[in-house]
Every structure is written in C-alpha cells, then in structure tokens.
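**Student:** Here are the chains, one letter per residue:
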Amino acid sequence: MKKLAIVAGIGIAALTMIAPHAAAQGCAMCYQNAAASGAKGQEALRHGILILLIPALALFGGIFVAIYRRDDLSQ
Amino acid sequence: MRSDWTPGAALTREPVDPAVPQRVYPTGMILTLGAILMFFTALISAWVVRKGLSTSPLEAPIGLPWRLLRLNTALLLASSGTLEVSRRFLRIDEPAKFRTWWYATTALGIAFLIGQFVAWRVLAGQGIFLASNPDASFFYLFTGAHAVHLIGGVVGLLIVAFRPLRRLTQTTATRIAAMYWHFLTIIWVSIFLLLIFAK
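Residue numbers (my numbering), protein chains in the order written: chain P, 1 to 75; chain V, 76 to 274.
Everything labelled a hint here was simulated from the structure, so no lab data went into it. All clues stand as given, with none of them false.
Here are a few chain V residues that face chain P, going by a calculated C-beta distance under 7 angstroms:
#, residue
1, Gly-109
2, Leu-112
3, Thr-116
4, Ile-119
5, Ser-120
6, Val-123
7, Val-124
8, Gly-127
9, Leu-128
Yeah, the Cβ is synthetic: ideal placement off N, Cα and C, and Gly gets one too.
Make the full structure from the sequences, and use the hints.
**Tutor:** So this is what it looks like as structure tokens:
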C-alpha cells in the first residue's frame with residue numbers, strides 16, 4: 001500500500017514536470033494587469049504568492065505526514 | 076446543568092459521554108488552526124501585494140501607537156505563560172492553583188483586548204480610520220480579525236472554567252484551549268513583527 005502511494009506520488013510529480021506550459025498560464029486580464037504593474041508591483045505579486053504558498057504547502061504536507069504516521073498504528 | 080456543578084470546579088477526570096475518543100479533539104483543533112492560519116496568511120499576502128502596488132504619496136505609512144502595542148504584546152505573551160503554569164498545576168493535581176492561573180490567563184486576555192481597543196481609539200483620535208489609507212485599513216483588519224478570534228478564546232477559557240463538559244476530560248479541554256490560545260499569541264506576534272518590519 002505504501003509502495004503504491006509512493007509510486008503514484010512520483011508518477012503525478014513526473015506528469016506535472018513534463019507540462020511546463022501549465023505553470024505559466026492564467027487569464028489574459030490578470031496577465032496584462034500584472035505585466036502593467038511595473039517591476040515593483042511584479043515583485044510584490046511574487047512575494048504575495050510565495051506567502052500564500054508556503055503555509056498552504058506546509059499544511060498539505062503536514063496532513064499527509066500525519067496520515068502516514070497514523071497508518072502504522074492500525075497495523 | 077448537573078447537580079454537582081460548582082463554579083470553577085466543573086471539570087471532570089472522565090468524560091460523561093465516552094463515545095468519542097479524546098484524541099479526536101486535538102486533531103479537530105489542529106485542522107481548525109490550519110484554516111485560521113490560511114485566513115491570516117491570505118490577509119498578510121493581500122497586504123504585501125497592496126503595499127507593493129502602492130504608488131501614491133498619500134499612502135504613506137501611518138504612525139501606530141507603538142508603546143501601547145508593545146504593552147499589549149507583552150500582555151498576550153504573559154497570558155500564554157500563565158496558561159502553561161496553570162496546566163502544570165493541573166498535571167501535579169493542584170486544582171486551586173490551576174484555577175487561579177487559569178483566571179489570570181483570562182484576565183490578561185481581556186486586558187489585551189482592551190489594550191487593542193484603546194489602540195483603535197488612539198488611531199481614531201489622530202483622524203486615522205478604516206478607509207483613510209491602505210495601511211490603516213489593514214491595521215484595523217489585522218487587529219479586528221485577531222481580536223474576534225481572541226474573544227472566542229476568552230469565551231473558551233471561561234467555558235472550560237465554568238461549565239461542565241460532557242464529552243471532554245479536563246486534560247483534553249485544557250489542552251485544546253491552550254493550543255488555540257498559543258496559536259493566537261503566535262499569530263499576533265507575527266503580525267506585530269510584520270508591522271515593525273514594514274514601518
């Protein structure tokens with residue numbers, strides 16, 4: 001079960017790696033707005049995205065770590 | 076209300092209704108804290124972006140009542156400390172001291188809330204209101220959102236102290252109350268440090 005989960009995780013990660021165009025997509029209006037906001041504005045947007053990303057990823061990862069560790073108890 | 080109920084002595088060693096295992100409650104609290112964390116993260120992210128996009132000289136940073144905010148921060152940090160002292164007295168089975176320190180925590184929390192309200196009044200006295208400037212808006216938003224959560228925390232502390240709990244043991248109730256309280260302290264200290272950093 002754990003092996004399957006690891007293989008599936010690596011598979012999904014690999015799939016996202018071979019689709020680089022997906023990383024830069026967004027709606028045209030948001031793109032134009034961001035492009036028009038100047039270097040300072042773009043940096044602010046980048047920081048804003050990172051601030052949102054880090055705790056979200058930490059929570060996401062934390063939940064899976066918790067599930068993974070709980071899993072041992074049931075055996 | 077149970078017949079054996081007396082104020083401040085409401086907690087029980089064993090849950091009246093043991094249908095739900097006690098470890099469920101900390102898990103639920105962790106998930107709740109995750110949601111609250113994302114709420115405050117979203118506000119901070121919006122603030123950073125808004126500051127970065129600001130070009131108008133009218134949007135200069137506002138002068139905050141720093142001394143008062145430092146005092147409030149100290150009060151909240153002290154309340155986290157008294158809460159831990161209280162829990163230690165619970166562990167070594169000294170209910171009277173546990174209750175005294177628990178009340179001290181509640182009082183410090185209320186003092187913090189009053190201090191934050193005074194900070195609002197000071198700002199309003201300077202003619203700085205919610206819509207004056209983005210910095211002012213975010214300051215009111217941060218402090219207001221945090222205060223609302225902390226009011227919930229104070230209510231939680233009072234419930235643990237004064238109401239009989241049917242499903243939670245004393246240990247669980249104090250543990251999840253402490254988790255919530257320390258989390259709010261951390262959130263406030265983070266916001267305060269960000270405000271200092273952005274000064």
